[in-house]
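Let chain A serve as the given structure and place chain B on it in line with the hints.
2 protein chains.
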Amino acid sequence: MTSETVTKDKKEVKKEKKEKKEKKEAKEAQAAVKGASEMGISIRKDVDFAGWYQQVLTKSEMLEYYDVSGCYILRPYSYNVWKEIQNFFDAKITEMGVEDTYFPMFVSNKVLEKEKDHIEGFSPEVAWVTRAGSSDLEEPVAIRPTSETVMYPYFAKWIRSYRDLPFKVNQWNSVVRWEFKHPQPFLRTREFLWQEGHTAHLTKEEADTEVREILSLYAQVYSDLLAVPMIQGVKSDKEKFAGGLYTTTVEGYIPTTGRAIQAGTSHCLGQNFSKMFNIVVEDPDTTGKADGEAAKKLLVWQNSWGLSTRTIGVMVMVHGDDKGLVMPPRVASIQVVIVPCGLTVKTSQEDRRKVEDEVVRIEKALKKAGVKTKADLRDNYSPGFKFAHWELRGIPLRIEVGPKDLQKEQVVVVRRDNGEKSSIPTKDLENDIKNLLDTVQNDMYARAKKVRDDAIVRVDKWEDFVPTLNNKCLCLIPWCDRTECEDDIKEKSARRDQQDEPEDERAPSMGAKSLCMPFDQPTENPIVLGETKCVACGENAKHFMLFGRSY
Amino acid sequence: MTSETVTKDKKEVKKEKKEKKEKKEAKEAQAAVKGASEMGISIRKDVDFAGWYQQVLTKSEMLEYYDVSGCYILRPYSYNVWKEIQNFFDAKITEMGVEDTYFPMFVSNKVLEKEKDHIEGFSPEVAWVTRAGSSDLEEPVAIRPTSETVMYPYFAKWIRSYRDLPFKVNQWNSVVRWEFKHPQPFLRTREFLWQEGHTAHLTKEEADTEVREILSLYAQVYSDLLAVPMIQGVKSDKEKFAGGLYTTTVEGYIPTTGRAIQAGTSHCLGQNFSKMFNIVVEDPDTTGKADGEAAKKLLVWQNSWGLSTRTIGVMVMVHGDDKGLVMPPRVASIQVVIVPCGLTVKTSQEDRRKVEDEVVRIEKALKKAGVKTKADLRDNYSPGFKFAHWELRGIPLRIEVGPKDLQKEQVVVVRRDNGEKSSIPTKDLENDIKNLLDTVQNDMYARAKKVRDDAIVRVDKWEDFVPTLNNKCLCLIPWCDRTECEDDIKEKSARRDQQDEPEDERAPSMGAKSLCMPFDQPTENPIVLGETKCVACGENAKHFMLFGRSY
Numbered sequence: 001m002t003s004e005t006v007t008k009d010k011k012e013v014k015k016e017k018k019e020k021k022e023k024k025e026a027k028e029a030q031a032a033v034k035g036a037s038e039m040g041i042s043i044r045k046d047v048d049f050a051g052w053y054q055q056v057l058t059k060s061e062m063l064e065y066y067d068v069s070g071c072y073i074l075r076p077y078s079y080n081v082w083k084e085i086q087n088f089f090d091a092k093i094t095e096m097g098v099e100d101t102y103f104p105m106f107v108s109n110k111v112l113e114k115e116k117d118h119i120e121g122f123s124p125e126v127a128w129v130t131r132a133g134s135s136d137l138e139e140p141v142a143i144r145p146t147s148e149t150v151m152y153p154y155f156a157k158w159i160r161s162y163r164d165l166p167f168k169v170n171q172w173n174s175v176v177r178w179e180f181k182h183p184q185p186f187l188r189t190r191e192f193l194w195q196e197g198h199t200a201h202l203t204k205e206e207a208d209t210e211v212r213e214i215l216s217l218y219a220q221v222y223s224d225l226l227a228v229p230m231i232q233g234v235k236s237d238k239e240k241f242a243g244g245l246y247t248t249t250v251e252g253y254i255p256t257t258g259r260a261i262q263a264g265t266s267h268c269l270g271q272n273f274s275k276m277f278n279i280v281v282e283d284p285d286t287t288g289k290a291d292g293e294a295a296k297k298l299l300v301w302q303n304s305w306g307l308s309t310r311t312i313g314v315m316v317m318v319h320g321d322d323k324g325l326v327m328p329p330r331v332a333s334i335q336v337v338i339v340p341c342g343l344t345v346k347t348s349q350e351d352r353r354k355v356e357d358e359v360v361r362i363e364k365a366l367k368k369a370g371v372k373t374k375a376d377l378r379d380n381y382s383p384g385f386k387f388a389h390w391e392l393r394g395i396p397l398r399i400e401v402g403p404k405d406l407q408k409e410q411v412v413v414v415r416r417d418n419g420e421k422s423s424i425p426t427k428d429l430e431n432d433i434k435n436l437l438d439t440v441q442n443d444m445y446a447r448a449k450k451v452r453d454d455a456i457v458r459v460d461k462w463e464d465f466v467p468t469l470n471n472k473c474l475c476l477i478p479w480c481d482r483t484e485c486e487d488d489i490k491e492k493s494a495r496r497d498q499q500d501e502p503e504d505e506r507a508p509s510m511g512a513k514s515l516c517m518p519f520d521q522p523t524e525n526p527i528v529l530g531e532t533k534c535v536a537c538g539e540n541a542k543h544f545m546l547f548g549r550s551y
Numbered sequence: 001m002t003s004e005t006v007t008k009d010k011k012e013v014k015k016e017k018k019e020k021k022e023k024k025e026a027k028e029a030q031a032a033v034k035g036a037s038e039m040g041i042s043i044r045k046d047v048d049f050a051g052w053y054q055q056v057l058t059k060s061e062m063l064e065y066y067d068v069s070g071c072y073i074l075r076p077y078s079y080n081v082w083k084e085i086q087n088f089f090d091a092k093i094t095e096m097g098v099e100d101t102y103f104p105m106f107v108s109n110k111v112l113e114k115e116k117d118h119i120e121g122f123s124p125e126v127a128w129v130t131r132a133g134s135s136d137l138e139e140p141v142a143i144r145p146t147s148e149t150v151m152y153p154y155f156a157k158w159i160r161s162y163r164d165l166p167f168k169v170n171q172w173n174s175v176v177r178w179e180f181k182h183p184q185p186f187l188r189t190r191e192f193l194w195q196e197g198h199t200a201h202l203t204k205e206e207a208d209t210e211v212r213e214i215l216s217l218y219a220q221v222y223s224d225l226l227a228v229p230m231i232q233g234v235k236s237d238k239e240k241f242a243g244g245l246y247t248t249t250v251e252g253y254i255p256t257t258g259r260a261i262q263a264g265t266s267h268c269l270g271q272n273f274s275k276m277f278n279i280v281v282e283d284p285d286t287t288g289k290a291d292g293e294a295a296k297k298l299l300v301w302q303n304s305w306g307l308s309t310r311t312i313g314v315m316v317m318v319h320g321d322d323k324g325l326v327m328p329p330r331v332a333s334i335q336v337v338i339v340p341c342g343l344t345v346k347t348s349q350e351d352r353r354k355v356e357d358e359v360v361r362i363e364k365a366l367k368k369a370g371v372k373t374k375a376d377l378r379d380n381y382s383p384g385f386k387f388a389h390w391e392l393r394g395i396p397l398r399i400e401v402g403p404k405d406l407q408k409e410q411v412v413v414v415r416r417d418n419g420e421k422s423s424i425p426t427k428d429l430e431n432d433i434k435n436l437l438d439t440v441q442n443d444m445y446a447r448a449k450k451v452r453d454d455a456i457v458r459v460d461k462w463e464d465f466v467p468t469l470n471n472k473c474l475c476l477i478p479w480c481d482r483t484e485c486e487d488d489i490k491e492k493s494a495r496r497d498q499q500d501e502p503e504d505e506r507a508p509s510m511g512a513k514s515l516c517m518p519f520d521q522p523t524e525n526p527i528v529l530g531e532t533k534c535v536a537c538g539e540n541a542k543h544f545m546l547f548g549r550s551y
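Residue numbers (full-length UniProt numbering), protein chains in the order written: chain A, 1 to 551; chain B, 1 to 551.
If we strip away everything but chain A, and leave its shape as in the complex, we get:
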């Protein structure tokens, strides 16, 4: 036997092995496809977004549809995201001196109607309890759509002195807005979970500062936890909170539909509610200064701010893909799944055991290092099936361990966000995995931000406005800041002939709403007051405003 023959034989063996491997992989891929066709996503995100969204939420076990219309079940897999948001935000506001409280869900008609603009904004959606058991209630009670009018009569009682200010409470609860528009999980539901903060301050300056602090925390929830970029700004008069002074907002962007979404709001209520509910303190500058003379009464300055489970819907819509969810590591209840691979009927019991032991060892080591890890040792499913199962659920990293990896003292790691595959030595696995999770988190944010940034288009003449919207972008325009013009823009940017179609089909033809006046105004070619004209109506422009089709 010449050395050449030997070489050839080796080559053949290698070739055979390769063929075998390819065959096996093809088989597994097929199994995966079969598995996917049963349990996986069958609708493409870019073809039928609404259908895709529904499938992703239900098949990933985030959400279940419920037999009362407009209500949904938050399963542990999504509720856990909410818990992560709660942990982050509650710690931050506790530092700010905000205390958690709980007010009843019921509110009497008399109190609800106290602030006129406010109730006008909410009354069409208020749910009323009129009966208990088989008895009609003497006086129907409303379920809170928000708690301003629930809380503020008591603020008037508790806040007596300027020493009681600032007064800051928050509650994590659910509210009910019985909307008759087409409901959508997380985005528009009749009952939803949120937090609502309510504070009172001695001065407008203090109130202003807090409004911005809270808004910035909301932006952080999105950017740091959910890897979604936000635009911070002020709502127009038309879009502000009913009864408030001004509303600040974080606005998100859903690339697939090209629509914006109001993702959290922090309102300065001014002194409107304090006037209605008589929340006053003595002026510290006049208190006790002139004996006998009554101290001057001051109306307090109030804020309210809320962030809801809409957060979860935005995260899913922005990051999800045709395989299912893509979870940002910071809110994933499982960050890493470990799947034993390369085990066939021919694998010896010993080798199988070695691989499984290694899987368990790595699981323990990662858990100990604070990485949320799950070993998938189910013996009734193929690796391909498991891959699809965990991809559907968006687990950020998959670790594959096979007999060969064992020999090489390495594992194969696959990223969910971009599919990238790499081999990592087991030696320093904990640190490498932790770093990789950070990388995934940052990359997800950077990608979403790039897409979002590209979709914000500065529009300087009206002819470009609707085409820009139709191109799934948002329009940043010099604007006159008049409600008439805003109404007009909505009218002019809608195609009226398609209004009978269901809302999701209609999206491309919806009229544009004003989203916000971004705090971050363009510095290049800026507004020159008295010179720059409003793109929509030609009057003098006051500032840049962001417009878009919107949820």
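What the hints contain is simulated information worked out from the structure, not anything from laboratory work. Note that the structure is a prediction, hence the values are computed from the model and not measured. Think of the CB as a built atom: it goes at the ideal place given N, C-alpha and C, for glycine as much as any other residue. The reader is advised that the hints may include incorrect statements.
Unchecked claim - BS3-like cross-link-like pairs, simulated, lysine-lysine; straight-line CA separation at most 30 Å: (1) A:K59 - B:K275; (2) A:K323 - A:K434; (3) A:K83 - B:K83; (4) B:K181 - B:K240.
As the list claims (entries may be wrong) - Ranges of calculated distance between the beta carbons of each label pair, as one might list FRET restraints: (5) B:D48 - A:K297: 34 to 42 Å; (6) A:D453 - B:K114: 49 to 57 Å; (7) A:V360 - B:K83: 35 to 43 Å; (8) A:T256 - B:K92: 56 to 64 Å; (9) B:E356 - A:G370: 36 to 44 Å; (10) A:D453 - B:S216: 54 to 62 Å; (11) A:E463 - B:D164: 54 to 62 Å.
For chain B alone, kept in the frame of chain A given last:
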């Protein structure tokens, strides 16, 4: 000057000082009384318990009365206790594999009525939403009084294989039971906060084990956090959860009224709900064993368990005194308050600053050591006023720091639970304070337990039964375990002529209910089956049962 004179002078100086001090203390005490008469408790606990309870809750700022009857505002001071309970309990059940979830608050009539016994138990108290905005709903929806019927249709969908078991979810939410009985804060309210756990198991044994594990956690919440002893046991058939198999309970005791209180329940629902809602899995013993033959279907075994904000009411009723709340250190949001003392108009600015600096230094040191501490440096209140203020709120320890303490490198520490005063060197203050907080916690529990133990009276003849109740005790009797006898006991132990009086006045004349069959049955002079007779009816006794007037 002889040395005698000097001695005398010294004595005189001492005497003067003493008189001065006494005068000052008397003045402070007077101020405290004056303060107390404005802000403090004016009703004695043993004279008018209901009035006392209301005053303590409102004046301590735990609770506010609300304009919808039967609903109350949980202010941060009580909500914080609930947060402590949540933290403790949620960590424990997470270890047990229970996951948090959120189901809608609304339930359709069709689903609500599915389980007959269950709905019979709840229907008189169900609140119905019949209107939204100005439109009547086609189909009224109920607000959940509990979530069995809300959840279980979905359990049937999600639980397919024995591999899906055990299935364990929990939610922290509010439920509504529109009771028409006299409401009482925390104890009987139309909306209340609780957690409700719902689990499904393959076998009765597993379900049984979990029922007891959860009950034991409830007992721990009371004993370890709230310093209140509980009796664990099983409810009679009459008192068990509507539609369930059996109910276990933790029963507390309120010494002032001599009444028992159901403080938390853990139910085994058996297979009743799984039958109604068709929650079945394939029998793992038959699955896949005989090809072609259908696997046997098994109904799952279910549990549900709930603990509510009633916890807070029990804690207040057991520990509070004529000065106000007494907070167990483990759930106190402020464990130690520091009050600068002994500062008069004659104190130099420097001495005053030194004292205040020391107060701040101690606050920082204690906080750093993990003790929840507050320095009360308000300059517009006297120490006496501050003492009363914090006693009303039940802060476990008060530290007093005066110029003399500074010299002696010590502080004065006063315990809220028993008024004990001691001097503690500042040298190792952090450790001493931590130990003292533990001592207070343990002493509070031990005292409550002693009182409770003394109030459980074994009664062996009927003639002693009602006098024992009237003596504010609970009766432990050999019992036949028959519902007819239970009804009879209630009847015989009530004084019917006083039924028109308001419930709280009526308490001493209420009929006794069965509380539970304690797991801990007496070993001395035990039941001999077939020999020992039921104390109430003379039939054969089956076990000891605890009876009492009850909330």
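- Query: Can the suggested window of 54 to 62 Å be confirmed for the beta-carbon pair D453 (chain A) and S216 (chain B)?
  - Reply: holds (56 Å)
- Given the hint that K323 (chain A) pairs with K434 (chain A), test it: the Cα-Cα distance must not exceed 30 Å. Holds. K323 (chain A) to K434 (chain A) sits at ~24 Å (cutoff 30 Å).
- Message: Holds or violated: the 35 to 43 Å window for the beta-carbon distance between V360 (chain A) and K83 (chain B)?
- Response: For K83 (chain B) against V360 (chain A), whose Cβ atoms are near 36 Å apart, the range 35 to 43 Å holds.
- Message: Given a hint of 49 to 57 Å, does the C-beta separation of D453 (chain A) and K114 (chain B) actually sit inside it?
- Response: Given a distance of about 52 Å, which is inside 49 to 57 Å, the answer is holds.
- Task: Decide if the proposed pair is consistent with the structure: K59 (chain A) and K275 (chain B), CA atoms, cutoff 30 Å inclusive.
- Result: Holds, at about 26 Å.
- Take a look at whether the Cβ-Cβ distance between E356 (chain B) and G370 (chain A) falls inside 36 to 44 Å. The hinted range 36 to 44 Å holds for E356 (chain B) and G370 (chain A), with Cβ atoms some 42 Å apart.
- Task: Return holds or violated for the Cβ distance of E463 (chain A) and D164 (chain B) against the range 54 to 62 Å.
- Result: holds (59 Å)
- Taking 30 Å as the top limit, are the C-alpha atoms of K181 (chain B) and K240 (chain B) close enough? Within the cut-off at roughly 20 Å; holds.
- Given the range 34 to 42 Å, decide if the beta-carbon distance of D48 (chain B) to K297 (chain A) lies inside it. holds (37 Å)
- Task: For the range 56 to 64 Å, tell me whether the beta carbons of T256 (chain A) and K92 (chain B) fit it or not.
- Result: At 42 Å between Cβs, range violated.
- Is the straight-line distance between the alpha-carbon of K83 (chain A) and that of K83 (chain B) 30 Å or less? Since the Cα atoms of K83 (chain A) and K83 (chain B) sit roughly 14 Å apart, the hinted pair holds (cutoff 30 Å).
Violation of the numbered hints given earlier is confined to hint 8; every other hint is satisfied by the structure.
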